[in-house]
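K.L.:
Here's the letter readout for the chains.
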Amino acid sequence: MKSRTIKVDYLARVEGEGALYVKIKDNTVVDIKFKIFEPPRFFEAFLRGRNYTEAPDITARICGICPIAYQMSSVHAMEDAFGVKIDGQLRALRRLIYCGEWIESHVLHVYMLHAPDFLGYPDAIQMAKDHPDIVQRGLQLKKAGNDLVALLGGREIHPINVRVGGFYKVPTRQELASMSEKLKWARDAALETVRWTATLHFPDFEQDYEFVALRHPEEYPFNEGRLVSNKGLDISVHDYDNHFIEEHVQHSNALHSVHKGRGSYFVGPLARYNLNFDKLSPLAQETARSVGLSHVCRNPFQSIIIRSVEVLYACDEALRIIEQYEKPDKPALEIQPRVSTGYGCTEAPRGILYHRYRIDDEGVILDAKIVPPTSQNQKTIENDLWQFIPQHIKLPNDQLTLQCEQAIRNYDPCISCATHFLKLKIERE
Amino acid sequence: MEKNSPQSHQGHKEIPKHEIQNEYPILIVGIGNTYRSDDAVGLCVAQHLKRQTFDCVNVIEESGDGAALMDSWKDSDAIILMDAVHSGAQPGTIHRFDVHTQTIPTKFFHYSTHAFGVAEAIELARALKQLPQNLIVYGIEGKSFEAGIGLSLEVEKAVEEVMMRVKQDILNCSPRKYTEYH
Numbered sequence: 001m002k003s004r005t006i007k008v009d010y011l012a013r014v015e016g017e018g019a020l021y022v023k024i025k026d027n028t029v030v031d032i033k034f035k036i037f038e039p040p041r042f043f044e045a046f047l048r049g050r051n052y053t054e055a056p057d058i059t060a061r062i063c064g065i066c067p068i069a070y071q072m073s074s075v076h077a078m079e080d081a082f083g084v085k086i087d088g089q090l091r092a093l094r095r096l097i098y099c100g101e102w103i104e105s106h107v108l109h110v111y112m113l114h115a116p117d118f119l120g121y122p123d124a125i126q127m128a129k130d131h132p133d134i135v136q137r138g139l140q141l142k143k144a145g146n147d148l149v150a151l152l153g154g155r156e157i158h159p160i161n162v163r164v165g166g167f168y169k170v171p172t173r174q175e176l177a178s179m180s181e182k183l184k185w186a187r188d189a190a191l192e193t194v195r196w197t198a199t200l201h202f203p204d205f206e207q208d209y210e211f212v213a214l215r216h217p218e219e220y221p222f223n224e225g226r227l228v229s230n231k232g233l234d235i236s237v238h239d240y241d242n243h244f245i246e247e248h249v250q251h252s253n254a255l256h257s258v259h260k261g262r263g264s265y266f267v268g269p270l271a272r273y274n275l276n277f278d279k280l281s282p283l284a285q286e287t288a289r290s291v292g293l294s295h296v297c298r299n300p301f302q303s304i305i306i307r308s309v310e311v312l313y314a315c316d317e318a319l320r321i322i323e324q325y326e327k328p329d330k331p332a333l334e335i336q337p338r339v340s341t342g343y344g345c346t347e348a349p350r351g352i353l354y355h356r357y358r359i360d361d362e363g364v365i366l367d368a369k370i371v372p373p374t375s376q377n378q379k380t381i382e383n384d385l386w387q388f389i390p391q392h393i394k395l396p397n398d399q400l401t402l403q404c405e406q407a408i409r410n411y412d413p414c415i416s417c418a419t420h421f422l423k424l425k426i427e428r429e
Numbered sequence: 430m431e432k433n434s435p436q437s438h439q440g441h442k443e444i445p446k447h448e449i450q451n452e453y454p455i456l457i458v459g460i461g462n463t464y465r466s467d468d469a470v471g472l473c474v475a476q477h478l479k480r481q482t483f484d485c486v487n488v489i490e491e492s493g494d495g496a497a498l499m500d501s502w503k504d505s506d507a508i509i510l511m512d513a514v515h516s517g518a519q520p521g522t523i524h525r526f527d528v529h530t531q532t533i534p535t536k537f538f539h540y541s542t543h544a545f546g547v548a549e550a551i552e553l554a555r556a557l558k559q560l561p562q563n564l565i566v567y568g569i570e571g572k573s574f575e576a577g578i579g580l581s582l583e584v585e586k587a588v589e590e591v592m593m594r595v596k597q598d599i600l601n602c603s604p605r606k607y608t609e610y611h
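Line by line, the protein sequences give chains D and U. Mapping to our numbering: the first sequence position 186 is 186, numbers consecutive. Here our numbering runs 429 ahead of the position in the second sequence, where the first position is 1.
In case anyone wonders, no lab produced these hints; they're calculated from the structure. Do not rely on the hints blindly, as some may be mistaken.
What the hints assert, rightly or not - Here are the computed distance ranges between Cβ atoms for each label pair:
| # | chain 1 | residue 1 | chain 2 | residue 2 | range |
| --- | --- | --- | --- | --- | --- |
| 1 | D | Gln207 | U | Lys586 | 32 to 42 Å |
| 2 | D | Ile393 | U | Asp504 | 33 to 43 Å |
| 3 | D | Gln250 | U | Asp504 | 24 to 34 Å |
| 4 | U | Ile489 | D | Pro132 | 21 to 31 Å |
| 5 | D | Gly83 | U | His477 | 19 to 29 Å |
| 6 | U | Arg480 | D | Lys327 | 33 to 43 Å |
| 7 | D | Tyr168 | U | Lys558 | 36 to 46 Å |
| 8 | U | Ile489 | D | Leu200 | 41 to 51 Å |
| 9 | D | Val30 | U | Ser581 | 38 to 48 Å |
| 10 | U | Gly577 | D | Ser294 | 40 to 50 Å |
| 11 | D | Val339 | U | Asp504 | 45 to 55 Å |
Unchecked claim - Which stretches of chain D does chain U cover? Using the computed rule of at least three CB atoms under 8 Å from a CB of chain U, they are:
| # | stretch |
| --- | --- |
| 12 | 107–113 |
| 13 | 126–133 |
| 14 | 138–148 |
| 15 | 153–160 |
All residues carry an ideal CB built from backbone N, CA and C; glycine is no exception.
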């Protein structure tokens with residue numbers, strides 16, 4: 001019997017590293033082991049014994065792409081522990097900084113990482129040679145997000161202006177207004193991005209997923225809401241641990257997050273969109289419909305369009321917040337630590353990011369738990385591959401490898417906070 | 430690519446003085462993640478250099494977001510980047526690239542937390558004809574990139590050598606003296 005092995009040392013254009021092993025026997029997939037993610041155990045241990053005030057800045061270092069998400073989940077968990085509710089303009093500023101992060105993270109993935117797959121380029125560099133204007137638009141659009149995060153979060157290597165209770169410093173109305181023109185351009189560019197991504201060719205691929213996202217009665221979710229799914233889940237963030245667990249997968253030495261009694265679930269832009277379409281701005285809804293999307297999208301390859309719709313929404317929402325902004329009297333509320341456990345779950349660009357902290361009476365962290373979105377999508381990605389690979393099994397290994405990479409990239413897996421290299425191995429017997 | 434030879438700086442290409450125009454024409458960028466062991470080495474060199482004031486130099490730290498990098502070097506005549514790399518060489522080895530004469534091997538820099546990182550930013554800028562006039566990249570070979578704080582001994586030893594070589598680059602491209610504060 002003939003056997004063939006191909007190794008790819010690095011899965012290009014996925015943040016960080018991980019591993020995929022596929023075994024094919026007589027044109028049938030007999031084994032898939034997918035391990036792209038390890039939980040941030042180092043950071044959980046590192047947080048123990050630290051003061052609650054340090055959590056936003058320490059956890060921001062877990063991910064180079066979504067530091068705001070980590071800051072937001074940590075401050076909301078701490079405020080939950082201490083019985084503090086942030087409202088008004090401080091709350092709006094938190095949505096605004098999150099808009100910036102969604103824009104920069106989504107645009108990076110849409111233009112630099114995912115689009116080359118659809119257009120047949122090995123990377124954005126080759127794509128730029130044929131489509132310089134498109135890549136330039138992506139870079140400029142991403143910069144609008146970076147600038148928004150820098151304006152609110154500070155221009156240091158990581159955002160440093162976010163604190164439990166609010167911010168260290170809040171911008172003046174004039175400072176925020178300086179972003180308006182740039183964001184109006186960005187909104188137009190985002191609209192073009194939706195139209196452009198909708199013209200790409202999408203494989204016909206849908207599964208019966210359980211989508212899980214936050215849902216808020218009045219707005220598209222960033223920081224607050226209940227955890228809901230298309231299969232009946234509707235719980236407070238406080239109940240997360242009662243419904244979701246991390247299972248050790250023996251064959252691959254990986255941890256898979258599962259919905260107890262149900263199995264894999266799907267978090268991220270597609271889940272948010274499917275569960276909150278009615279909360280998108282009129283412009284975002286109208287644009288989605290104009291390119292042929294309905295209020296539900298189950299094809300993960302089309303997540304590139306949904307990300308673009310979310311960029312459009314983020315620009316729109318940022319402009320709304322800036323328009324209505326009045327500088328708050330104080331940059332932060334007073335915080336009084338107490339013995340408690342706090343829960344926070346916010347919508348990182350890649351999906352729900354859960355934090356839980358146990359705190360003592362002096363505000364010292366006794367215990368921390370962090371579950372990033374990629375950890376939660378890992379089992380769903382593996383399930384997709386079980387369905388996807390048989391449909392393309394006759395392709396030569398190099399082409400099959402590329403197809404697998406594209407299928408994995410549908411989830412924009414962020415593993416920078418986790419393992420190193422993704423080694424991709426397809427073995428045929 | 431030049432690898433370090435401990436006693437000499439042979440092969441350094443001087444940054445041409447006549448191309449220097451701005452008040453702070455030289456930008457030094459340290460790149461890395463403090464919590465990824467040797468990945469922090471670029472930041473470490475930058476932090477040391479920040480303690481020394483050069484009258485024509487701006488020193489910044491970046492996480493390695495390629496698009497932000499491309500933006501950061503727009504207003505400078507000469508850029509010097511420092512980042513950890515993993516190429517299979519001995520830990521602590523210093524690789525030096527003059528970007529105008531060499532292509533950056535992308536796999537070198539893939540230990541960064543960004544898939545669109547240093548090498549991609551440089552090669553994309555090249556494709557878009559947006560490379561700065563002068564761009565030097567120092568890649569310091571890391572040993573461990575596991576979650577954790579602190580450099581391994583071999584990499585720690587390379588920090589001073591990189592600093593010396595960067596300072597030499599600064600002197601080569603600036604007629605002005607720099608002042609050190611300790």
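K.L.:
Hints first: check each against the structure and report whether it holds.
P.N.:
Do the hints match the structure? See the list:
1. Distance hint for Gln207/D and Lys586/U: a CB-CB separation of about 52 Å, inconsistent with the stated range 32 to 42 Å.
2. Distance hint for Ile393/D and Asp504/U: a CB-CB separation of about 52 Å, inconsistent with the stated range 33 to 43 Å.
3. Taking 24 to 34 Å as the suggested C-beta distance range, the pair Gln250/D and Asp504/U does not conform, at roughly 54 Å.
4. Roughly 27 Å separates the CB atoms of Ile489/U and Pro132/D, a value that falls within the hinted 21 to 31 Å.
5. About 44 Å separates the C-beta atoms of Gly83/D and His477/U, a value inconsistent with the hinted range of 19 to 29 Å.
6. Take Arg480/U and Lys327/D: their Cβ atoms lie about 36 Å apart, and the range 33 to 43 Å holds.
7. Evaluation of the 36 to 46 Å hint for Tyr168/D and Lys558/U yields a pass: the beta carbon distance comes to about 40 Å.
8. Distance hint check: the CB atoms of Ile489/U and Leu200/D are about 36 Å apart, inconsistent with the given range 41 to 51 Å.
9. For the pair Val30/D and Ser581/U, the supplied restraint of 38 to 48 Å holds, since their beta-carbon distance comes to about 41 Å.
10. Look at Gly577/U against Ser294/D: about 47 Å separates their beta carbons, and that is inside 40 to 50 Å.
11. Range check, Val339/D to Asp504/U: about 51 Å between beta-carbon atoms, so the 45 to 55 Å window is met.
12. For the stretch 107–113 of chain D, the proposed coverage by chain U is satisfied: 3 residues have a C-beta within less than 8 Å of a C-beta in that chain, meeting the threshold of three.
13. Given a C-beta distance limit of less than 8 Å, the hint that chain U covers the stretch 126–133 of chain D holds, as 4 residues qualify and 3 suffice.
14. Only residues whose C-beta sits within less than 8 Å of a C-beta in chain U count toward coverage, and the stretch 138–148 of chain D has 4 of them, enough to reach three; the restraint holds.
15. With a cut-off of 8 Å between beta carbons, the stretch 153–160 of chain D has 3 residues touching chain U; three or more are needed, and the interface restraint holds.
When held up to the earlier numbered hints, the structure conflicts with 1, 2, 3, 5 and 8 and fits the remainder.
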